[in-house]
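S.K.: Each chain, written out:
Protein chains: 2
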Amino acid sequence: MRPDDESEVVALPLFKDMKEEGVRLLLKGAYHQRFPSRIDLIQQGQPADFLYVVMEGQIEVFSSHRDRETTVSVLGPGDCFILAAVFLDQVYLKSARTLTSSRLLLLPAGAVREAMRIDPVFGHRMATELARGFRLLVKEVNNLKLRTSLERLANWILQQAPGSSPETSFIFPFDKKTLAARVGVTPEVLSRNFASLIPYGVTISGKSVIVKDRAVLEQFARPTPLIDDPTV
Amino acid sequence: MRPDDESEVVALPLFKDMKEEGVRLLLKGAYHQRFPSRIDLIQQGQPADFLYVVMEGQIEVFSSHRDRETTVSVLGPGDCFILAAVFLDQVYLKSARTLTSSRLLLLPAGAVREAMRIDPVFGHRMATELARGFRLLVKEVNNLKLRTSLERLANWILQQAPGSSPETSFIFPFDKKTLAARVGVTPEVLSRNFASLIPYGVTISGKSVIVKDRAVLEQFARPTPLIDDPTV
DNA sequence: TACTCGCCTTGATGTTTATCAAGTCTAAAG
DNA sequence: CTTTAGACTTGATAAACATCAAGGCGAGTA
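Protein sequences, first through last, are from chains A and B.
In terms of numbering that gives the first Met the number 0, the first sequence opens at residue 0 and continues consecutively.
In terms of numbering that gives the first Met the number 0, the second sequence opens at residue 0 and continues consecutively.
It is possible that part of the hints are untrue.
As the list claims (entries may be wrong) - If you want a taste of the chain B side facing chain A, the calculated C-beta under 8 Å gives, among others:
1) T69
2) V71
3) V73
4) F86
5) G132
6) G183
7) T185
8) L189
Hints in this document: simulated from the structure, not taken from any laboratory.
Glycine included, C-beta positions come from ideal geometry on N, C-alpha and C.
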């Protein structure tokens, strides 16, 4: 790793308050690498060799079975993925690919396990990450089992819509095809769902979304912190 | 806690290899209690006061939203639940009730966090539990998004069916209503799904299930370790 | 300007799942 | 043995979602 890369990496919140020894251990066999857009990073079923940390770009985490495929999550800077497989030294349950050109930090799985063992700060941080990921997944299961695809979409839009004023707007952070897989429908159904949200003041044009009145959309979407608040 | 209760509790795999101090800390404010069948234990949205460990009986973990409700998992002896909420000191995302008369161990949330901090063995065990729970949930999401309800049911039956001989049978471990919520369908659809599995050699009569030929059912269900093997 | 390739939309149709309304069965209580 | 309440099934119908097949639309290219 180049020296200026290393200083950026060491400054990550991930490594904050760690002892020198643990950080050195982690970075010893680490890679810091750029990847082009639309590149496969890992494949489900493979042994967990590295813990991946997103420095820059967007990563799609997905699973396939038979001829079907679905997006589990879309990650951005600061997120790490497949921690559970690394910690348990088992195979990946999910695949991952870059959605955009990305920069990633790869930490060797063995070093991660060893660092968790010798550095309580890092161990605690990884446990926190696991617990947060666990809760995110519980929310995802509830989202899938307790809502229709239209409600999921409405709540996704509310999550993206910034600010607290009645009218807000934002730009799609990725393809509609990816969003469809994320919400758990086919692209065709997503398209129709957009049309169904027009009566609630949602306008889509190209890559931008306009919400006329947050409260009106909320009345349909019925968001609840127990599913939609990522900090809870 | 009564002395003979305490000796049973201390012998739990959960506490194995822990230092005296950590065990004492955990058991200081702990409760060891029997609950009748069909009793609400915790409610989603409440602060996480205790970590629950199942000693005996069956616990249904479920979530509700608006007028809908769904079963997330059904737990048995040795399982613990709502660990993530306890570790992060946040509210429960799920509710839980007894399905049968049950015996539970309740460990105070603060003591659990403190024990994780001071006892590396316990900390590691809890992290392992979190990671395993995380992977179970990933499988659950894949199961929901990549399979139809009929495929989920077929795979659930294969999971329950013991042994390796072609013909096997078992008894439903809980109500069909609960199974329906677990699989993610209404009781009516579950009933119809049973009928749809007859051509694949599945016979239901009362509380017992007979699978004529494992291989035939497998050909339809297409199980994969990445979703169906709880140890992977 | 025309052209072309992806992406997205729209329409027609089929499958999967939910809902409502009877019914049947079963097991426990009288 | 009858009664009865709850669990389960079955039928009819509607909603949600997927699939297949065109078509539109916009960003890049010539």
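S.K.: Does each hint hold? Answer for all of them.
M.R.: Status of each hint after checking the structure:
no., hint, result
1, T69, "holds, 4 Å"
2, V71, "holds, 6 Å"
3, V73, "violated, 14 Å"
4, F86, "holds, 5 Å"
5, G132, "holds, 6 Å"
6, G183, "holds, 5 Å"
7, T185, "violated, 12 Å"
8, L189, "violated, 14 Å"
Of the numbered hints listed earlier, those contradicted by the structure are 3, 7, 8.
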